[in-house]
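**Q** Sequence:
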Amino acid sequence: MFPARARGAVSGFLHRSSLPSTCKKLRAAAIAAVAFPSSVTADTNVQVLNRKLELDRVYSKLGEKITRIFRDYMTKVTEFEELADVGKRFLTRFNRVTAEALLNELDCLKEDAIAVTEAATKSATALDDSFCEEMLKDISFEKEKEPLPKHPQDTSISEVMLMKIISDMLKLDYAMQKNIVLNLNIGTSVSELEGYCLLWNLHPYIDDDIMHRAWQYVPSHDHSSRK
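Note that the sequence shown ends on residue 227 in full-length UniProt numbering; no numbers are left out.
Among these hints, one or two may not hold up.
Cut-off 20 Å, straight-line C-alpha distance, at most; resulting in silico cross-link-like pairs (SDA-like, lysine to any residue) [said to hold, decoys possible]: (1) K178 - M161; (2) K76 - I210; (3) K164 - D112; (4) K178 - L199; (5) K164 - H212; (6) K171 - N183; (7) K171 - L102; (8) K171 - M161; (9) K76 - A120; (10) K164 - Y174; (11) K171 - E81; (12) K65 - A120; (13) K164 - A101; (14) K76 - N183.
Here are the computed distance ranges between Cβ atoms for each label pair [what the hints assert, rightly or not]: (15) D72 - D209: 20 to 26 Å; (16) C108 - I210: 30 to 36 Å; (17) V86 - Y217: 25 to 31 Å; (18) T98 - A119: 30 to 36 Å; (19) V190 - E105: 33 to 39 Å.
Rather than coming from a laboratory, the hints here were simulated on the basis of the structure. Glycine residues also receive a C-beta, built at the ideal position from the N, C-alpha and C atoms.
Let's have the full structure, built from the sequences with the hints guiding it.
**A** So, in structure tokens, the structure goes:
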């Protein structure tokens, strides 16, 4: 049994706290562990492990879904780039309808990724909050000797952010290409045509570093032809 003073401190903390009931129990165990290390039970460790396993399952499923969407997304990006290359050889052959359709598909994939991420975040919120995370560190019996591997959630968030950035870049690039095609006419001078071709080749709205980073998230066998 805990001394009355210790029980009072724990009870007072729980009454004042607005933590969820599960976190209250775990936090109480953390406080008890600090005051009376020998009183920490095996049940608490099981709770901790189950909690971590459940969080891992949520983030693992998130990672798998986002990875599939990201691969499809980058495949569409390649199709858009190939379409632009065809238009570069002869500007009037640039297929605006197909380009717009690809941009719409890219937007849909991006929104799917955002929706999946939001759903996973809501599921994880019930399991993971700052108070309980600190508590888990406090009552851990073993110290981490090796650096933790990158969390699957980090990769998923990076992929979603890249999709948002790339979509914006491609839209700007397409708007430029569309304006070039619309401005072409029989009276277009050679110097103007050369300027249009230069702009088309430069892709001023596309950041090559961002595109390179995006392709690093795709397994090498999926984009070996791009190297």
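**Q** Identify every previously stated hint that the structure contradicts and give their numbers, smallest first.
**A** 1, 9, 14 and 16
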